[in-house]
Amino acid sequence: MRCEEFDRHAVEWMDGERAPEAAEHFQSCNRCSSRMADLALIASAAATLPELDPPATLWTSLHAKLEAENLLRPRKSLGERLREFFPDAPRTALATATISVLAALLLFLPQSPLPQMSREGENFSGARNFAGVNDLLASAEAEASRDVRLRDPEVVASYQQNLALVDNLICECQRRMNEDPNDEMARQYLVAAYQQKTDLLNALSERDALGE
Amino acid sequence: MVGNPAEAEDLTQEAFLQLFRKIHTFRGDAAFSTWLHRLSVNVVLMRLRKKTLPLTSLDEPADAEDETSGPKRDVGAEDPLIEGSVDRVRLERALVELPPGYRMVFLLHDVQGYEHNEIARIMDCSIGNSKSQLHKARTRLREILQDFERDRARQQRLEASEKTGSRE
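Residue numbers (our numbering), protein chains in the order written: chain S, 1 to 212; chain E, 1001 to 1168.
Keep in mind that a hint or two might mislead.
What the simulated footprint calls covered on chain E by chain S, stretch by stretch (three residues with Cβ under 8 Å from a Cβ of chain S suffice, anywhere in the stretch; the number is not a length) [to be verified]: (1) 1011-1018; (2) 1025-1039; (3) 1109-1120; (4) 1156-1162.
Hints were generated in silico from the structure; no laboratory data involved. Ideal placement from N, C-alpha and C gives every residue a C-beta, glycine not left out.
Put together the whole structure using the sequences plus the hints.
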């Protein structure tokens, strides 16, 4: 085999497919063997080249362009996503109850400074207000769960799964607020969790109203 | 790929914009990563076409005469060894001089580790063409690195002669 012929086998050679006649030429030809060695060297050197990450400013600029082109959808709350999951329907008596919960949230949880717990550990007024919200939500939940066996098992499973998640969040926030009544973050999360639970119960009631 | 950080950033941004614009056309026929890579490759190729840089067609037969490679060298002509001269900086410099089509396949295979069947899907070419393009890319890189080596040797000779001249 001549060098020109070996060149035609070079692609396969580099790929590990080595015909006997090409191997014979390779052994005896310094030009072709050093050439293949160089190509292998280039390939191995390339594997060590770093992949570069774009600068953080690029994402800011990209975000702005996406917004300018109206390609970004606003982030939806859990309640909105749940409402999309459950079809729209007229409100029922349960909806009235959940509106009461919302009203209670607005009334009892103003954005004013947090009520202070006394050194003796007395209940502060905010805790009593939260207890009121809890009572309202509990009665709304009892009403929502009344005819649970008549519903689609998939809907019930989804409802119960989401309810468990929200209840866990409420428990965690309440635990943190009991530990530190001035924990503003726990308070905000607790209010958001109540809102989510209200949305969830509301979505289920709307589905019931459709007879689904 | 473009040898220019600012342009690379611009192209990255353009690729993501295209992603958001065209995500609805993704049908799930291929892996999402392949689809995204293909979209990115198209963005780069479109830019390079606009700049009227010579492109290497991936549709050409695997054994077609290579028009984009450097000056032809006779078989048997002296080949400077590149061993010891293939460092990261030189390789990156050499990559900039590589025709874009070759560079794309080389980066996908040898730098990013894609297999030929994946590159074929990304670049919309045959596996044979991907292999052929890769081989040509490596061969062309070797020639460029050899040129660097010749230039370096010439420069050293020049500096040595200047030193000798200044002493006399």
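How the hints compare with the structure:
no.: 1; hint: 1011-1018; in the structure: holds (count 4)
no.: 2; hint: 1025-1039; in the structure: violated (count 0)
no.: 3; hint: 1109-1120; in the structure: holds (count 4)
no.: 4; hint: 1156-1162; in the structure: violated (count 0)
Taken one by one, the earlier hints fail for this structure at numbers 2 and 4, listed in ascending order.
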